[in-house]
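Could you slot chain H onto chain Y? The hints should help.
There are 2 protein chains.
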Amino acid sequence: MVMGNEVPNKLEWRINVPDGTSETLQPESGLVYRIWMGLRGLLGEFILKIWKFLEKARNIAVAEPKKVIHCLKVGVALSIVSLFYYMRPLYEGVGGNAMWAIMTVVVVFENTPGATLYKCINRAIGTFLAGSLGVGVHWVASHSGHQLEPIILGISVFVLASAATFSRFVPSVKARFDYGVVIFILTFSLVSVSGYRVDDLIDIAHQRLSTIAIGASLCILISMLFYPIWAGEELHNLIHRNLEKLADALDGCVAGYFTDSSAGDSCKKMEGYKSVLNSKAAEDSMAGFARWEPAHGRFNFRHPWKQYLKVGASLRSCAYCIETLNGCINSEIQAPEHLKRHLSDVCITLSSHASRILKELAIAVKTMRKSSKIDFSIGEMQYAVQELQNALESLPSHPFAMPSSTSGGDAKTESIRKTATPSVMEILPLATLVSMLTETAARIEEIAEEVNELARLADFKPPASKKANQSQPSNKVDETNEEGTKGLG
Amino acid sequence: MVMGNEVPNKLEWRINVPDGTSETLQPESGLVYRIWMGLRGLLGEFILKIWKFLEKARNIAVAEPKKVIHCLKVGVALSIVSLFYYMRPLYEGVGGNAMWAIMTVVVVFENTPGATLYKCINRAIGTFLAGSLGVGVHWVASHSGHQLEPIILGISVFVLASAATFSRFVPSVKARFDYGVVIFILTFSLVSVSGYRVDDLIDIAHQRLSTIAIGASLCILISMLFYPIWAGEELHNLIHRNLEKLADALDGCVAGYFTDSSAGDSCKKMEGYKSVLNSKAAEDSMAGFARWEPAHGRFNFRHPWKQYLKVGASLRSCAYCIETLNGCINSEIQAPEHLKRHLSDVCITLSSHASRILKELAIAVKTMRKSSKIDFSIGEMQYAVQELQNALESLPSHPFAMPSSTSGGDAKTESIRKTATPSVMEILPLATLVSMLTETAARIEEIAEEVNELARLADFKPPASKKANQSQPSNKVDETNEEGTKGLG
Chain Y
1 MVMGNEVPNK LEWRINVPDG TSETLQPESG LVYRIWMGLR GLLGEFILKI
51 WKFLEKARNI AVAEPKKVIH CLKVGVALSI VSLFYYMRPL YEGVGGNAMW
101 AIMTVVVVFE NTPGATLYKC INRAIGTFLA GSLGVGVHWV ASHSGHQLEP
151 IILGISVFVL ASAATFSRFV PSVKARFDYG VVIFILTFSL VSVSGYRVDD
201 LIDIAHQRLS TIAIGASLCI LISMLFYPIW AGEELHNLIH RNLEKLADAL
251 DGCVAGYFTD SSAGDSCKKM EGYKSVLNSK AAEDSMAGFA RWEPAHGRFN
301 FRHPWKQYLK VGASLRSCAY CIETLNGCIN SEIQAPEHLK RHLSDVCITL
351 SSHASRILKE LAIAVKTMRK SSKIDFSIGE MQYAVQELQN ALESLPSHPF
401 AMPSSTSGGD AKTESIRKTA TPSVMEILPL ATLVSMLTET AARIEEIAEE
451 VNELARLADF KPPASKKANQ SQPSNKVDET NEEGTKGLG
Chain H
1 MVMGNEVPNK LEWRINVPDG TSETLQPESG LVYRIWMGLR GLLGEFILKI
51 WKFLEKARNI AVAEPKKVIH CLKVGVALSI VSLFYYMRPL YEGVGGNAMW
101 AIMTVVVVFE NTPGATLYKC INRAIGTFLA GSLGVGVHWV ASHSGHQLEP
151 IILGISVFVL ASAATFSRFV PSVKARFDYG VVIFILTFSL VSVSGYRVDD
201 LIDIAHQRLS TIAIGASLCI LISMLFYPIW AGEELHNLIH RNLEKLADAL
251 DGCVAGYFTD SSAGDSCKKM EGYKSVLNSK AAEDSMAGFA RWEPAHGRFN
301 FRHPWKQYLK VGASLRSCAY CIETLNGCIN SEIQAPEHLK RHLSDVCITL
351 SSHASRILKE LAIAVKTMRK SSKIDFSIGE MQYAVQELQN ALESLPSHPF
401 AMPSSTSGGD AKTESIRKTA TPSVMEILPL ATLVSMLTET AARIEEIAEE
451 VNELARLADF KPPASKKANQ SQPSNKVDET NEEGTKGLG
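Here the protein sequences come in this chain order: Y and H.
Position one of the first sequence corresponds to residue 1 (the UniProt record's numbering), numbered consecutively onward.
Position one of the second sequence corresponds to residue 1 (the UniProt record's numbering), numbered consecutively onward.
For the record, the hints were derived by calculation from the structure and aren't laboratory data.
Hints may contain errors.
The list that follows gives simulated cross-link-like pairs (lysine-lysine, DSS-like), each with its CA atoms no further than 27 Å apart [unchecked claim]:
#	chain 1	residue 1	chain 2	residue 2
1	H	K306	Y	K52
2	Y	K310	H	K340
3	Y	K174	H	K366
4	H	K310	Y	K274
5	Y	K306	H	K52
6	Y	K67	H	K280
7	Y	K49	H	K359
8	Y	K280	H	K67
9	Y	K174	H	K370
10	Y	K66	Y	K49
11	Y	K174	H	K174
12	Y	K49	H	K310
13	H	K306	Y	K310
14	Y	K280	H	K56
15	Y	K274	H	K306
16	H	K52	Y	K66
17	H	K274	Y	K274
18	H	K174	Y	K52
19	H	K373	Y	K280
20	H	K370	Y	K280
21	Y	K56	H	K310
22	H	K52	Y	K52
Covered, in the sense of this in silico footprint (three residues per stretch, anywhere, with C-beta under 8 Å from a C-beta of chain H), are these stretches of chain Y [as the list claims (entries may be wrong)]:
#	stretch
23	46-60
24	117-124
25	167-173
26	274-282
27	301-312
One side of the interface only, derived from the structure: several residues of chain H facing chain Y at Cβ under 8 Å [said to hold, decoys possible]:
#	residue
28	A57
29	R58
30	V76
31	L78
32	V182
33	L186
34	L190
35	L209
36	C321
37	E323
Here a beta-carbon is modelled for each residue, glycine too, at the ideal position from N, C-alpha and C.
The shape of chain Y in the complex, shown without the other chains (with noise of 0.2 Å):
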């Protein structure tokens, strides 16, 4: 900026920077001050991505402390190994076999015990199998003369590798054993080609075993005993946390449509479907590894994590619901106000002993205690979903007379207005409204249905019985002094 207060005898460039200073840009200073120049710009830019990615990494440790636990745990593990086998220098340094116990720790220490568990258990698996087999192969090629042993080893490292690497392709191995294999492959290619005899790599095997073990056991213990993260509890928490973003995102989109009032806070809300829609590849992986973990907390060794995934496989399904739902009442067809008014106290209604569903369901899930009102719960979704279209059909036939009981089409005071009946294109947004909330509730239905398979196998502790069970859900709500349906009747 050209400072215009101060008139200088010559043509001249200021910078004025927002702490006060200012600072005079000199043109005469040629070549080696302009690279100085660019070079200190390129300097700032550095810094400032650098100071911008120090910020995310601050919000994610913020955010996630877990995370922050994890990485001191990995750190610890590899110090201890590593200063062990520096105090320690039994073997011959780097070249040797404490190598694989900074290696073990290195490929092995993940996240949560579930994948630490599988890694270990497949390294253990992979590079016995292959050390045997390489043990044998190498044997052979090795009296089978010098012109076969070549030979041997090639064609045997071909078959084995590629026969290796194509069952990966194979799901179930894939889900299981993908590490293994490839710790299979690279252990045999070593064992096989190596110039040893048959005796030495027995030796070799036994230290490189020793040494894989304590780096593997390593693992396991401070990834277990300090602030474990396992995969089935966050697997878990993912569900019944989905449980509750879907009821709030069901709420936000129905109130929100009827009201118009709440739209920042329940944009906010809404947003939180949206992760469920795309939730499908982490609970594969933490359903996955969680299946390796030990008896932990409330869940047992064979807890039924295979029925989380059947759980969120219907609630992604109840998420496209809602999320065309949300698409189709934000389309540019709006229905009247009256005819909305009509039907927004029977809608509201319905959405809220929805999503009061999805939340007990959580609670369920959450506590691990069955739900006593969850029958009950479903009943009433039902009797709403009923008054919903009974409403639907009961539509104004015009905009004052709000009839009291029967369905449309009397129509007998209005001649000048020219809609008589409300025309289709008014009904439509409703009419699929009122078809999209039914759908969801059938959808939660399912939900219900899953997760009450699941309380079944993972023994849900029986409801807290402060009254009677209620098992007669059916119709008679009416008869019950629950607010929400005594509005409608």
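For chain H alone, kept in the frame of chain Y given last:
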């Protein structure tokens, strides 16, 4: 099965095997026999399992021969590198550097050149950075006395390992440098803890880097030169296949609703869209690897792979809509036949326009050539949406009053029907269908926009101009000779 035709002297169990032989079960043969039978049963089961596994593998191989080729490539690369080091034992066996070449090949060789390059470059950068840093720390530690040395080493390993592990949680690092960070941690620990002098270390580093370079370049060459499976091309194919799947699903869904006949055939087609729902993870990883690939085939180095992700997202959003549509029209409440007939033609016209657009987009992406008709087709689709809404508005007020010329429901004889005007509940499924189709059409327009953006960014070829460019989509469709819309006009 007890044989009835030859009366036995004593009670005897016989098994008839389908190939005609029969076998007498001898009850007296005791424990050994039973164990033997049990073992044989287990063995049979085991063989059956293996057989099934092989069958599954065969199916995969037949369905995707590319995977088999990849496996053979891994086998070849591994055999070459193994034999190379076996034939020229310049280094000292397995413990030495040959190991690093084999390990590099096993760990780095991936399905696509992009993934292989990603791992190679990451490995190189990670090794180099960590190596230099490790040598530095090692030098400092070894010059600071016997007491301080382990402390400095331990702290530096702890700090760097923790920080590096944490950086893997930052999304931008995770996407590009995840593997490099692992290698960084590994190399740094190995180098800094090693008991070698700095001179030795540099020597070792030189040898090791050259070995790794040989392994890595072998992998890159083999994966790029022989039947490469480019990640970018896979992503490209996935996107246009998904476009086709959505087109089929939409067609099948609407046609299935109105005709009820093509259940078997259309069901299979419709299942396709389900894979679109969960394609996010695959798309993300392929786009991540595609970034590393050099120019190949029709794709430049800076091909806009990120735009493919946006197209994929819009495809998924449309797939959610179709999923819900599918759920809604399969629900219990069904519209009466005469109303369905009234809307049948317009709905099918709209869905065929919509699916034609999807197919055109698929062809445009596939051939990387802008479509000349796409704007025109979108105009047609918008017109069809309008027609559909008109048709809904003009729903017959009673079953027989079917105006002049157009589609179905002539049925003029029956006059005793109880429903004069269709009730809202009867319209409900159709209204939903109309809304959902409208919403689907809107989302298809979004897809078209994203594909247009892709065409712009990726410099798609101009359309093959066999006729003049139709640049007025507008609503003048009825002037054209498209048979689809003419039937409605």
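Hints and how they fare:
no. : hint            : result
1   : H/K306 / Y/K52  : 22 Å, holds
2   : Y/K310 / H/K340 : 35 Å, violated
3   : Y/K174 / H/K366 : 31 Å, violated
4   : H/K310 / Y/K274 : 16 Å, holds
5   : Y/K306 / H/K52  : 22 Å, holds
6   : Y/K67 / H/K280  : 25 Å, holds
7   : Y/K49 / H/K359  : 43 Å, violated
8   : Y/K280 / H/K67  : 25 Å, holds
9   : Y/K174 / H/K370 : 40 Å, violated
10  : Y/K66 / Y/K49   : 26 Å, holds
11  : Y/K174 / H/K174 : 22 Å, holds
12  : Y/K49 / H/K310  : 26 Å, holds
13  : H/K306 / Y/K310 : 32 Å, violated
14  : Y/K280 / H/K56  : 24 Å, holds
15  : Y/K274 / H/K306 : 20 Å, holds
16  : H/K52 / Y/K66   : 42 Å, violated
17  : H/K274 / Y/K274 : 18 Å, holds
18  : H/K174 / Y/K52  : 16 Å, holds
19  : H/K373 / Y/K280 : 37 Å, violated
20  : H/K370 / Y/K280 : 34 Å, violated
21  : Y/K56 / H/K310  : 24 Å, holds
22  : H/K52 / Y/K52   : 54 Å, violated
23  : 46-60           : holds (count 4)
24  : 117-124         : violated (count 0)
25  : 167-173         : holds (count 4)
26  : 274-282         : holds (count 4)
27  : 301-312         : violated (count 0)
28  : A57             : 6 Å, holds
29  : R58             : 10 Å, violated
30  : V76             : 7 Å, holds
31  : L78             : 5 Å, holds
32  : V182            : 6 Å, holds
33  : L186            : 4 Å, holds
34  : L190            : 5 Å, holds
35  : L209            : 14 Å, violated
36  : C321            : 5 Å, holds
37  : E323            : 5 Å, holds
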